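Participant: What follows is the residue order along each chain.
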Amino acid sequence: MQLYLPIAEVSVNALTLLGLGGVVGVLSGMFGVGGGFLITPLLMLIGVPPGVAVATGANQVVASSVSGVLAHVKRRTVDFRMGLVLLGGGMVGSAVGIWVFSILREMGQVELLVQLSYVLFLGLIGLMMLQESLRAIRRAQTNTAPRRAHQHRLVHRLPLKMKFRASGLYISAIPPIMVGAAVGFLAAIMGVGGGFIMVPAMIYLLGMPTKVVVGTSLFQIIFVTAFTTLMHAITAYSVDILLAVMLIVGGVIGAQIGTRIGLKLKAERLRLLLALLVLTMSLKIALDLLITPGELYVLTPGRLP
Amino acid sequence: MRGLRRLLSALFLLGAATPAVAEDVVTGLSQSRVGITVNFDGSEIMVFGAVARDAPAPDGPLDVIVTIEGPSGPVTVRRKERVFGIWVNTDAVEVTSAPVYYAVASTRPLEEILSATDDLRHRITLPQMVRTIGVVHQADDTALFTEALMRLRTQSGAFSRDDGGVQLEREVLIRADVLLPANLTEGIFRTRVFLLREGRVIAEEEQLIDVHKEGLERFLHRLALDQPLIYGILSLALAIAAGWLASAAFNRFRS
Chain A
1 MQLYLPIAEV
11 SVNALTLLGL
21 GGVVGVLSGM
31 FGVGGGFLIT
41 PLLMLIGVPP
51 GVAVATGANQ
61 VVASSVSGVL
71 AHVKRRTVDF
81 RMGLVLLGGG
91 MVGSAVGIWV
101 FSILREMGQV
111 ELLVQLSYVL
121 FLGLIGLMML
131 QESLRAIRRA
141 QTNTAPRRAH
151 QHRLVHRLPL
161 KMKFRASGLY
171 ISAIPPIMVG
181 AAVGFLAAIM
191 GVGGGFIMVP
201 AMIYLLGMPT
211 KVVVGTSLFQ
221 IIFVTAFTTL
231 MHAITAYSVD
241 ILLAVMLIVG
251 GVIGAQIGTR
261 IGLKLKAERL
271 RLLLALLVLT
281 MSLKIALDLL
291 ITPGELYVLT
301 PGRLP
Chain B
306 MRGLRRLLSA
316 LFLLGAATPA
326 VAEDVVTGLS
336 QSRVGITVNF
346 DGSEIMVFGA
356 VARDAPAPDG
366 PLDVIVTIEG
376 PSGPVTVRRK
386 ERVFGIWVNT
396 DAVEVTSAPV
406 YYAVASTRPL
416 EEILSATDDL
426 RHRITLPQMV
436 RTIGVVHQAD
446 DTALFTEALM
456 RLRTQSGAFS
466 RDDGGVQLER
476 EVLIRADVLL
486 PANLTEGIFR
496 TRVFLLREGR
506 VIAEEEQLID
516 VHKEGLERFL
526 HRLALDQPLI
536 YGILSLALAI
546 AAGWLASAAF
556 NRFRS
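As they're listed, the protein sequences go chains A and B. Heads up, the first sequence is in the working numbering, so the first residue is 1 and it goes up one at a time. Heads up, the second sequence is in the working numbering, so the first residue is 306 and it goes up one at a time.
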């Protein structure tokens, strides 16, 4: 069944969209990430203009994050205070990101920036996770429990200290704000919730316990992506609600299946799989940038700025 | 149906003797409005017409060209170049005006029936439609960019040429079927029918097709543009409701 999208102004197969949302939903349910880093390039692949893909992808991430965070609230694994601090930074980062995005769109370099940030961040985080999960798997096999002494890192020395009870932390509010701002900036430009950047940053930079990380990350992602969606809707009119609905329906069903699969898998195996997925995506985009394209010319309706 | 009535009166006129132009063309369209609905997947338009004469047809072949032209607008064409090992958009050329859709159908290959002068005057072939006069230069080889524009739009089905796509029965009845693609944009589409003899256009008629979004498409498009805040909040509300619903359904399913 063909569906004409009112904002993207392309006609796409409705089943393709449902399937796309479903596949990304399964992965996001499995790994606890929004899935925006997958949905945006996939949408561009089926002919949705980049701007619409980014804005609508953000809208879909709102849906999956709400669904995920509700499950975590039940298990009391959300640090609301930390979430709000990250959010404060996130708002600033997101606003700057949207501003940069609109400037770059006028320059015609959006595609490049989106692709470069994908390669860079997906590659970096993929490698980090790969290394970490492999080490965890090896540890599980040799049965040596990790010993980590209490470390006094930079986060403990800065001013503006705050108590984050759910995380059991007493640290400066500055690092969380900066992490939030960086992730918010990337979210606005790449159309992702930033879960796959936020989760490792919270574990390794802020030293939060892993069990609260996913829920807290999802909690603040809701607000960052909601804000991103709204800003894109107002400044660029680029949210396609019909496209979003199809993705959300598929994604929501897929997320349920994904959660079940995720519960059956061991945590470190799961992280290894996610690392491989992230690395594959990054490699694919990198190759697109490096290999001589089949078509050298690109059309954009509108005047030269 | 105004077109059909005109066609009938034209056929009636064939018998009557009104000394005016030697040969004229009267045309109609199977539909003059195309609504883009949610399940829109292209539309076939039939352009029909008749040749009106007040004298016996002169010797030599009569040919017909039918064109359908979507709304025009400026297009920026960018070219990728390798910079520091990666492919980046570098040079750009702004084509002042290019239609979003252009289809040419004719009774015989255009080169055989249309002279260069008349092509220039009536702007029939594709290179004439893509206006390059007043191109904003940012590259030395502008021609390559307009060629790329034509090539890309032809590949995507937005530009098409169908030599032999027009049927001409007994040098009187004209019929051409033109397919409007699924990826259509809104606007007024202009249909032109040309009669040709010895490479020259001897008669021409124009009809307009109104292509517009309808129903839900129209509502959503207008809402997004006129009330972006409400539209954005609506998008978010939908996402939040769907997320909550999924979580609730999942919980019930599990317990």
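Simulated from the structure, these hints should not be mistaken for lab results. These numbers were taken from a predicted model, which means no experiment stands behind them. Be aware that a few hints might be false.
As the list claims (entries may be wrong) - Partner residues aside, some chain B positions facing chain A, computed with beta carbon under 7 Å:
#1 376
#2 378
#3 382
#4 391
#5 393
#6 455
#7 459
#8 526
#9 547
By construction, the Cβ of each residue, glycine as well, lies at the ideal position given by its N, Cα and C atoms.
Participant: Need the list of violated hint numbers for this structure, in ascending order.
Facilitator: Numbers 1, 6, 7 - these are the hints that the structure violates, sorted from lowest upward.
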